[in-house]
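Sequences listed follow chains A, B and C, in order.
Using the working numbering, the first residue of the first sequence is number 188, and each one after it goes up by one.
Using the working numbering, the first residue of the second sequence is number 387, and each one after it goes up by one.
Using the working numbering, the first residue of the third sequence is number 7, and each one after it goes up by one.
Derived by calculation from the structure, the hints in this document are not laboratory data.
Where is the CB? At the ideal position from N, CA and C, for every residue including glycine.
Do not rely on the hints blindly, as some may be mistaken.
[Stated by the list, open to error] Some, not all, of what chain B presents toward chain A, calculated at C-beta under 8 Å:
1) R400
2) L412
3) S417
4) G418
5) D432
6) V511
7) L542
8) A603
9) L654
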Amino acid sequence: MLPEHLGPLRTAAGEPLLSLSRVRQRNRLKERAIQQLLFACALISVLTTVGIVAMLVVQAAGFFSEVSVVEFLTGTQWTPLFQPQHFGVMPLVVGTSLTAGIAILVALPIGLASAIYLSEYAQDRVRRVVKPLLEILAGIPTVVYGYFALTFVTPLLRNVFPDMIVFNALSAGLVMGIMIIPMVSSLSEDAMVAVPRSLRNAAYGLGATRFEVATRVVMPAAVSGIVAACILALSRAVGETMIVAIAAGSTPKLTLNPLESIQTMTAYIVQISLGETPQGTIEYYTIFAVGLLLFMMTLLMNLFSQWFVRRYREKY
Amino acid sequence: MKNATAFRQHLRTRQLSGRFFVALFLGATLSGIFVLVVLVADVFKDSLGWLDWQFLTSYPSRKPQEAGLLSAFFGTLWLMALTALFSLPVGVGTAIYLEEYSPDNMLRRLIQTNISNLAGVPSIVYGLLGLGLFVQALAMGRSILAGALTLTLMSLPVIIIAAQEAIRSVPEVHRLGAYALGATRWQVVRNIVLPTALPGILTGTILAMSRAIGEAAPMIAISALVYLTFIPVSPLDRFTVLPIQIFNWVSRPQEDFAHLAAAGIIVLLIVLLSLNAAAILVRNRYQKRAEE
Amino acid sequence: MLNSLTSLETRKLDLWYGNFQALRGVSMIVPRNQITAIIGPSGCGKSSLLRCFNRMNELIPGSKVKGEVLFEGRNIYAAGVDPTEVRYRIGMVFQKPNPFPKSVFENVAFGPRVNGITGNLEEIVERALRRAALWDDVKDRLGRTAVELSGGQQQRLCIARALALQPEVILMDEPCSALDPVATLKIEDLMRGLAAEYTIIIVTHNMQQAARVSDIAAFMMMEEDRAGALVEYGTTSKMFTTPRDKRTEDYITGRFG
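Take these sequences, add in the hints, and give me the full structure.
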């Protein structure tokens, strides 16, 4: 067979292509430059964290130069806008905890039940319809939820609790709970789906019913992921702003009564930002002090959930 | 010796309780969807009669009958365009660096953990960052630019994670084939990895955008105005966005403003629906092409 | 020994993946324009050795090479040698066909494009496809995606892709193991035709294929510590009829592996 041989390739100038070194050198510089550029992009994410921490700390220092940390963390009255001024953040923290607590009480059972149903019972057709619908719940802007809480849920609840004020922790908490159901559901479901089929088959082989397999084999095997899901959802509820700003009120109060009006840390920041507080005043610095506390709380919760999964992940 | 009757009795109990619980689980799953339906229906009902052309083309006003969301709508459009412009290259660049260039060392793990943590930071904290950094320290004022940069930082973790997944799903054999032909790393990325990962990246970006434009909190923190009577024409102008306008109307006691809020919500939901539909279209179109 | 008959040579080649030594002291000569087959039981390092010839092992993190691999007398692992240039001159075909998710034309044109070769791309693509005995199958569908082709056609496409760069050496890592017998024979025919102008090194676990196709055979084995070593190499006919080493004889007569 006669080969159709091209012969060694040559450049336009007639030099054999073996001398590619000049082209290669230019390419090497270009490659290095591109790598530096991409590394710079990655660095931006690191700088964001540095920026958040630095900015919060620096601005909060303006607050803590006048108010002691102890007074901030343990004081039981929060009245920076009124005379006499008090700077105890506990009412805001309690308000946040109350609404977030109600939210998780709603989202945990419903989210977990959905996760069990979707991972252990639902047929493919059902999953393909239900999962996207639940994702839509997660995608609804929080102002919309706030509107719903104020104009629909609150009037509804007042039929049950006639003494309830228009702005209250319960409506906001319930609606926040609805908002985080998809988070609990899909993260728990991920944890449960990751449990290998062989464990389930072993249980079926021993005569267990589907319910028993789901609750006695799969859930325990996925418990670290489920706990992590709940902590992450709680952290989300703590950081939520608009629902509570619209529906929970703006009266910082040290109370665990969900029918009362309260104020959360996030709603306080919104309140000051909407006002005409001049820069450089202590009232202005309060939003950064509260913001710093909020950031630390959510960061600790997220780190804890990561640590928890690493430490207690079941080995199948 | 096994007692057959006792076993069968017990089995019936187990099966009955199993069936009871399935119904319970299914009910719980459907309850979430039920609330979604109620919510949309309620908002829709409240907006009837208030969502019209005049509403879409007027500025906000103290008189509910004359108010509209023209300024907020354009503010949202501006913000979305600028945020996408900034966040897409940086997000994709970071993902490419992490997946294709970075060795698997401490620094990479640090960056990765940092990104996961940034995804969980409350949106209002990003607003505070924007306020301290862009509005004040960099003296951009309360402008669209400051707002877009703030939302960019907020959207980056989501985009990076989505882009990383898309890049990881490109089969390794394609990369190997390209390297074996003498391609440099960037050539492999540009000619093989990115084209294959593009639909996933685009879908992730569109979803990140749709989240960003629904956020009022960070924009409130950087003091986007709540009452704006002009359309912004440059990135340095002051601005407002749809969620803030809605929030403003919801906060007023008069019932008419509640209807305005509902109408505004419908507009916002339509914008979001279009974005998400676009994301699904992109994904389906590219999936079909890959299967051809 | 710089010899116009020698294309590639390894001298005391060691390869590590992290702390695991995959190859030990491999020294062999690959003659020009012949087909050299690397055979041996699975796990003995055949593919690892093949990947040393075009520096593809470097893409595996933690890999380290000691010793020399000489191509036309120059050590390709010397400082200052660009691996992409090595791969431009030493091409590779993989075990499982891996066409890019692009059109047939774009697949074959990829190598020239990426290496900055100007000139008539259509001509280069057509000649490569003819050389790989695939032109008639695809000439009417150059724009259609390569993923639609059959397994054997895809593998010939991968060969055309490598040929488009006019390499001097073609490395083939078990190129037929994912193909049916008919496609396999087509590729073996193609290999024999290519040997006139190219140096070919093929890794195969199929001894009959090695006997059919190759001029030179190199037999490798795994030592006790799981490092791969070269037992012997020589002309195929001699090695299969009168092997020098007993281990070679055992393997060839099927007593193990």
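Hints, verified against the model:
Because the closest C-beta pair between R400(B) and chain A is about 5 Å apart, less than 8 Å, the hint holds. Nearest Cβ of chain A to the Cβ of L412(B): about 6 Å, under the 8 Å cut. The hint holds. The restraint placing S417(B) at the interface with chain A holds, with a minimum CB-CB distance near 6 Å, inside the 8 Å limit. A cut of 8 Å between beta carbons decides the hint on G418(B): the least distance to chain A is about 5 Å, and the hint holds.
With 8 Å as the threshold, the beta carbon of D432(B) comes within range of chain A, its nearest partner Cβ sitting at about 7 Å, so the hint holds. Hint status for V511(B): holds, given a least beta-carbon distance of 5 Å to chain A, under 8 Å. Interface hint status for L542(B): upheld, as the beta-carbon distance to the closest one in chain A is roughly 6 Å, under 8 Å. Of the supplied interface hints, the one on A603(B) holds, with its beta-carbon coming within about 4 Å of a beta-carbon of chain A, less than 8 Å.
With its C-beta approaching chain A no nearer than about 6 Å, L654(B) sits inside the 8 Å limit, and its interface hint holds.
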